[in-house]
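There are 2 protein chains.
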Amino acid sequence: MIGVWFSELQQPGLAISCLVKEVLHHEKSEYQDIKVVDTERFGRMLLLDDVIQTTVKDEFVYHEMISMVALNTHPNPENVLVIGGGDGGTIREIVKHPKVKKATLVEIDEGVVKASKKYLPELACGFDDPKAEVIIDDGIKFVKESTAQFDVILIDSTDPVGAAEGLFSANFYKSVHNALKEDGIFAAQTESPFFNRDLIKRINKDVREIFPVCRLILANVPTYPGGLWTFTMGSKKYLPEEVDIENIPDLNTRYYSKEIHKSCLVLPPFVKELVE
Amino acid sequence: MIGVWFSELQQPGLAISCLVKEVLHHEKSEYQDIKVVDTERFGRMLLLDDVIQTTVKDEFVYHEMISMVALNTHPNPENVLVIGGGDGGTIREIVKHPKVKKATLVEIDEGVVKASKKYLPELACGFDDPKAEVIIDDGIKFVKESTAQFDVILIDSTDPVGAAEGLFSANFYKSVHNALKEDGIFAAQTESPFFNRDLIKRINKDVREIFPVCRLILANVPTYPGGLWTFTMGSKKYLPEEVDIENIPDLNTRYYSKEIHKSCLVLPPFVKELVE
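Heads up: the protein sequence lines correspond to chains A and B, in order.
First residue of the first sequence? That's 1 in the working numbering, and the numbers climb one at a time after it.
First residue of the second sequence? That's 1 in the working numbering, and the numbers climb one at a time after it.
A hint or two may mislead.
Intra- or inter-copy, both count: the list cannot distinguish identical chains.
Cross-link-like lysine-lysine pairs, in silico, DSS-like; alpha carbons within 27 Å at most [claimed, not checked]:
#  : residue 1 : residue 2
1  : Lys201    : Lys272
2  : Lys272    : Lys258
3  : Lys96     : Lys272
4  : Lys272    : Lys262
5  : Lys262    : Lys201
6  : Lys96     : Lys114
7  : Lys57     : Lys205
8  : Lys28     : Lys131
9  : Lys96     : Lys21
10 : Lys28     : Lys102
11 : Lys141    : Lys21
12 : Lys118    : Lys272
13 : Lys144    : Lys258
14 : Lys21     : Lys237
15 : Lys102    : Lys117
16 : Lys174    : Lys57
17 : Lys237    : Lys102
18 : Lys181    : Lys144
19 : Lys144    : Lys57
20 : Lys258    : Lys101
FYI, nobody ran anything at the bench for these hints, they're computed from the structure.
Everything numeric in this text was worked out from a predicted model, so none of it was measured.
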């Protein structure tokens, strides 16, 4: 097929390419290169520094799975914080949850929020909810200055390079621990179990030293390297596998479900060995 | 990164590309174009008509998951048939199982078996097992001529185009039913739940009309379109979810495990709707 293709070098020697129907938006913000392109296969796609962040076709997997496992592990997730997530997909999921009273999103780059509001309304619609508040600020600084405030914190970051690197550090997880109430939970996107094995190991070691409960969550995001993706969850008190799944509200999710709440925690041996 | 890249158009508007260190083998057999290339990211890779079949790095997922769920659902899988699977990875898994007495593989293209023996010894080693027999023949014809012989049949085919198309037909599933003993089980690779939704729906409808038990199995194969892959299982008697997983033998699998035996059957709602 001929035409304009976007290619991302996902790993050394591995690229994904998508046929582009139209480049809808392109700017260089203070922090990064921001593009929204309309693709043949995945619909509209957000690119930051030419790395695929999310697409209209497959975003449900990532956004449901980063939020719902943590939200439904907490018995009363009233006050929720998102770090990053400027496309709005994560906050859209959070505000659907009947127990959530307030969802605060701290995104460093206003350009991402603006571009998403304009070009990705399916995701950014979450910003319009009365429970949602958007703060344009450095998430690391914001979390450092928060104390015992949040029930759930979700770290919806880019890959661990540049500005986002600090969001994968032990010091940051300590700040997250401090910003959570005494029974709080956090979940963070933590890359591929095929390609980022050392990173996942290191994160899980760090989190286990700070939180009494640490779990890996698996989900399949087609536009991410290798398709299989991890989220790492740290919890001060509650265990995701002990949730009575019959109490989980039905929120019309397409990837997450009561049954997936438990099965997403079951790790193939080649992943399990990263957290043992 | 510059150099020689292999690109596969996985879907309209979606391509995967792998940096090639060396083209080890290239022939045009009676049935297809056969290549073995050594790639930077996935090691040696088998290409049939320039579609990725398997790679040394990620093959364990596919080969364990096409075999182990079916084998361990059957209480006594003594006599096993593989249709296709000329690389040897599936038969390698089968012969590991302590209850298997005989594993017959029927591959239409001797070129695939020969190239795999030469260039993919990690997979083709299964052929050397005394329990294994390789027959070069048309799998559809072979199954049609078999009656009540096999405990388990595994259909390890290419995509449903060309010669392999018949392996996805209702008539073939009827022959499979006939070739199985009265408590037999089959499993077949049945493509992507993101991209081949109509196919999966149709197959499951057909299989449900022929077998009393039909289940989808999910696993993540990084080099297949979208990463998430399905296997469809038809069973005359046994239910995979009712297996006492404590009886499952430990065969040093890297993706499959006792726990995965159950969790791989849990379908996200967007997949579940294909089989309801």
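Enumerate the violated hints, using their earlier numbering and listing them in ascending order. 8, 9, 10, 11, 12, 13, 14, 16, 19
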